[in-house]
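There are 2 protein chains.
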Amino acid sequence: MTLSQPSYEALTEHTAITLAKKLELFDSNADLVCHEIGDGNLNMVFRITEPAAQRGIIIKQALPYVRVIGEGWPLTLNRAVIESEALRHFAKHVPQFVPEIYYTDAAYAITVMEDLSHLTIVRTGLASGSTYPLLSTHIGEFLAKTLFATSDFAMGPQEKRELALQFHNPELCKITENFVFTYPLFDHETNDVEDILRPTAEALWNDQVLLLEAAKLKQTFMTHAEALLHGDLHTGSIFASDEETKVIDPEFAFYGPIGFDVGLFIANTLLSALAREESDRAALLFHITQVWDVFTITFSNLWRQNNVDDFAQVEGYLEYQLQHIWADAVGFAGSEIIRRIFGLAHARDIEAITEDAHRLAVKRNAAALGRDFIVNRSLYESPSQIVQALQQVVKGASIVHI
Amino acid sequence: MTLSQPSYEALTEHTAITLAKKLELFDSNADLVCHEIGDGNLNMVFRITEPAAQRGIIIKQALPYVRVIGEGWPLTLNRAVIESEALRHFAKHVPQFVPEIYYTDAAYAITVMEDLSHLTIVRTGLASGSTYPLLSTHIGEFLAKTLFATSDFAMGPQEKRELALQFHNPELCKITENFVFTYPLFDHETNDVEDILRPTAEALWNDQVLLLEAAKLKQTFMTHAEALLHGDLHTGSIFASDEETKVIDPEFAFYGPIGFDVGLFIANTLLSALAREESDRAALLFHITQVWDVFTITFSNLWRQNNVDDFAQVEGYLEYQLQHIWADAVGFAGSEIIRRIFGLAHARDIEAITEDAHRLAVKRNAAALGRDFIVNRSLYESPSQIVQALQQVVKGASIVHI
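Line order of the protein sequences matches chains A and B. According to the working numbering, numbering within the first sequence proceeds without interruption in unit steps and concludes at 413. According to the working numbering, numbering within the second sequence proceeds without interruption in unit steps and concludes at 413.
Simulated from the structure, these hints should not be mistaken for laboratory data. Mixed in with the good hints, there may be bad ones.
As the list makes no split between identical chains, a pair holds if one copy fits it or if it spans any two.
30 Å max Cα-Cα, derived DSS-like pairs, lysine-lysine [claimed, not checked]:
| # | residue 1 | residue 2 |
| --- | --- | --- |
| 1 | K185 | K227 |
| 2 | K156 | K33 |
| 3 | K33 | K227 |
| 4 | K227 | K103 |
| 5 | K103 | K406 |
| 6 | K185 | K406 |
| 7 | K406 | K33 |
| 8 | K156 | K227 |
| 9 | K32 | K185 |
| 10 | K33 | K185 |
| 11 | K185 | K103 |
| 12 | K103 | K33 |
| 13 | K257 | K33 |
| 14 | K227 | K32 |
| 15 | K406 | K156 |
| 16 | K156 | K185 |
| 17 | K32 | K257 |
Nothing here was measured: the structure is a model prediction, and the numbers come from that model.
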């Protein structure tokens with residue numbers, strides 16, 4: 012006789028409240044309000060609040076299929092385990108930058124966590140003029156600390172290989188491999204290209220120099236297991252206020268190239284910058300330089316203090332690592348920009364530009380930057396050169412590398 | 012109540028015969044002879060023959076510790092599973108180059124396989140003057156076919172990540188990380204340096220240019236999961252005759268950089284060449300150029316016919332892959348050479364040179380080549396330049412890259 016196992020069932024607003032009470036996260040007789048607030052592509056997100064006490068929690072549940080597409084595209088529920096385990100892992104190193112986890116249930120793919128609704132999603136806030144002055148300082152620290160801590164420089168290689176095994180995440184990696192690194196570079200049915208931009212897209216699809224470098228970046232993503240990545244660190248995966256920053260949604264976490272997380276943050280910040288008027292752009296350009304500066308300083312300090320690799324003290328090895336992470340980051344930023352202009356999932360702040368000529372110009376500029384980041388990633392020595400390239404492109408000039 | 016599981020027990024020559032009969036690999040009343048012939052560092056190897064029928068089999072059993080060191084250094088028995096699974100995987104693509112597997116038992120860490128005693132171990136044969144004219148043609152094909160088949164170019168990335176999981180092998184990787192990539196580059200207690208060569212070793216240990224490039228190669232080994240490697244493809248892992256070649260002992264198999272297997276074969280062939288008189292060297296230098304030529308042709312054909320990557324047809328991508336594999340291979344060959352001169356496990360053919368001045372000269376030449384392969388790996392455009400470097404070094408000249 013086999014004992015019956017709990018089997019997956021999707022929560023409703025009603026059963027979400029029942030769960031919250033069962034977990035004793037509220038008084039049994041508290042008046043609770045529940046709303047499903049998920050706007051992502053993959054999950055249900057229930058916000059349960061007790062208005063009388065001004066307290067709330069979040070119950071996130073993975074669906075066994077891709078929500079935007081429907082039941083025809085099944086997707087592993089294990090991503091809920093990956094997500095909560097990644098958040099727990101990040102919390103060891105930067106508890107201040109991740110939500111607190113109260114409860115997880117692997118069978119139901121449920122994570123119960125801190126309610127962050129006093130903060131806003133950064134992509135949304137940036138689109139409405141917020142600047143989040145500490146955002147890049149916090150994200151630079153988040154990236155350096157989480158990525159260093161799970162690299163071969165902080166862990167013995169055997170311990171690292173065991174941790175990588177826990178974050179075996181091939182189904183989610185495949186989504187990135189396809190929708191970031193492949194489809195946007197070809198005339199693929201899942202792309203979303205405005206008619207008038209089709210010649211721009213076609214020029215990229217026929218650009219053998221671009222395709223060769225894009226292929227190398229895809230291979231780097233697929234093969235370089237350097238550290239435990241967040242895996243999807245765009246500005247929609249970050250909650251913030253002027254004082255606080257919280258990284259959410261690491262369901263794409265896996266062992267990959269360190270530059271990927273850095274590049275995604277830079278790309279999405281740059282897209283928000285492009286969507287703004289020039290006079291409002293400075294705060295976002297600052298974030299691009301600041302995130303890398305803070306990453307560099309924090310990573311270098313950790314390297315000097317905690318590096319367990321026998322080669323740690325070799326002259327030039329830290330500098331080589333930073334240079335290689337940076338070049339990867341610039342290239343990955345390029346891949347992310349191209350896919351946010353021509354792929355399936357666009358940058359909402361750019362799509363929100365209603366004036367056609369302006370929106371198309373922004374997209375053309377983004378595409379030019381994305382291509383150059385991919386093709387010439389080794390020529391960008393620092394984030395200030397990314398800013399310069401952006402300034403050249405928005406003036407209608409070609410990108411010149413001095 | 013828990014049912015008792017079979018628990019590990021080391022075979023003796025007597026119980027090995029009992030097993031062979033139980034498996035019905037011989038007639039129940041056959042007269043069998045068994046000898047333990049293992050001369051490796053990690054395992055017991057029983058050869059069981061039926062002299063009357065001129066038939067034999069091999070029973071290999073992993074020990075739960077490192078044999079040369081003793082019970083103080085435990086080592087996972089799972090390596091027996093890795094080894095037999097790797098042989099089965101290789102057999103899908105190149106059955107002609109691996110022994111047939113008759114039976115495996117994971118709990119006892121036993122693999123029963125084809126007896127190859129009509130062949131000789133290549134390292135031993137090369138030391139006694141054999142040339143194995145087809146060796147490099149066969150190994151070039153073995154490498155290209157096994158490595159291409161398990162790369163992202165032949166498998167979807169998700170399927171590849173699942174296969175990589177099966178070959179999770181951190182304990183054996185750690186041995187390579189330490190004994191190939193780390194200890195020989197530092198003044199480590201496990202090294203074995205002839206007194207008179209100590210200044211040569213110390214010069215390497217203080218050579219920051221070398222150490223930086225050695226560090227990068229170690230990181231490549233630790234992080235680049237490109238294909239299922241043999242993982243220990245020196246000339247002691249190959250049986251051959253003038254007509255036949257069989258690769259054995261893939262217990263170090265794991266997902267790693269393609270150039271590693273290529274580099275180990277080249278390094279060990281080159282060490283055998285250095286151990287010979289100049290007049291007898293040509294056959295071995297031929298193997299160094301031939302293995303890469305055959306690899307290139309075979310890998311390129313597979314690429315054109317079977318590449319599933321969307322970027323396969325991009326101009327220059329195949330050439331880039333070959334160039335990158337080659338540069339890695341040259342560097343890894345350098346790491347292997349250095350460790351075979353100054354590390355724990357030396358090249359037996361060089362150690363066998365009884366005349367001191369000659370042996371020391373060979374070791375110095377090997378060290379000079381190893382250093383140059385590591386430091387200048389990107390300057391070696393083809394195997395003919397490896398041969399040229401060897402010829403320069405044995406003449407007492409410096410290595411010049413034109």
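Right, here's what the structure says about each hint:
Taking the shortest alpha-carbon separations for K185 and K227, both the intra-copy value of 16 Å and the inter-copy value of 28 Å come in at or below 30 Å. In the homo-oligomer, the alpha carbons of K156 and K33 never lie at most 30 Å apart, since the shortest distance is 36 Å inside one protomer and 57 Å across protomers. Proximity of K33 to K227 under the C-alpha cut-off of 30 Å is found in neither arrangement, the shortest distances being 50 Å within a copy and 53 Å between copies. In this assembly of identical chains, K227 and K103 lie within 30 Å of each other by CA distance solely across copies; the values are 28 Å between and 33 Å within a copy.
In this assembly of identical chains, K103 and K406 lie within 30 Å of each other by CA distance neither inside one copy nor across copies; the values are 45 Å within and 58 Å between. For a Cα distance limit of 30 Å, the shortest separation of K185 from K406 qualifies neither inside one copy, at 37 Å, nor across copies, at 53 Å. Taking the shortest Cα distances, K406 and K33 never come within 30 Å of each other, neither inside one copy (59 Å) nor across copies (82 Å). When the C-alpha separation of K156 and K227 is checked against a cutoff of 30 Å, the pair qualifies both within a copy, at 27 Å, and between copies, at 22 Å.
In this assembly of identical chains, the alpha carbons of K32 and K185 never lie at most 30 Å apart, being 37 Å within a copy and 48 Å across copies at closest. For a Cα distance limit of 30 Å, the shortest separation of K33 from K185 qualifies neither inside one copy, at 37 Å, nor across copies, at 46 Å. Within a single copy, K185 and K103 get their C-alpha atoms as close as 28 Å, and across copies as close as 26 Å, so both meet the 30 Å cut-off. Taking the closest pair of Cα atoms, K103 and K33 come within 30 Å of each other only inside a single copy of the chain (28 Å); across copies the shortest separation is 54 Å, beyond that limit.
When the C-alpha separation of K257 and K33 is checked against a cutoff of 30 Å, the pair qualifies only within one copy, where the shortest distance is 27 Å, while the shortest distance between copies is 63 Å. Taking the closest pair of Cα atoms, K227 and K32 never come within 30 Å of each other, the shortest separation being 51 Å inside a single copy and 53 Å across copies. In the homo-oligomer, the alpha carbons of K406 and K156 never lie at most 30 Å apart, since the shortest distance is 37 Å inside one protomer and 52 Å across protomers. When the C-alpha separation of K156 and K185 is checked against a cutoff of 30 Å, the pair qualifies both within a copy, at 26 Å, and between copies, at 25 Å.
When the C-alpha separation of K32 and K257 is checked against a cutoff of 30 Å, the pair qualifies only within one copy, where the shortest distance is 26 Å, while the shortest distance between copies is 65 Å.
Going down the numbered hints, you'll see the structure goes against 2, 3, 5, 6, 7, 9, 10, 14, 15, while the others check out.
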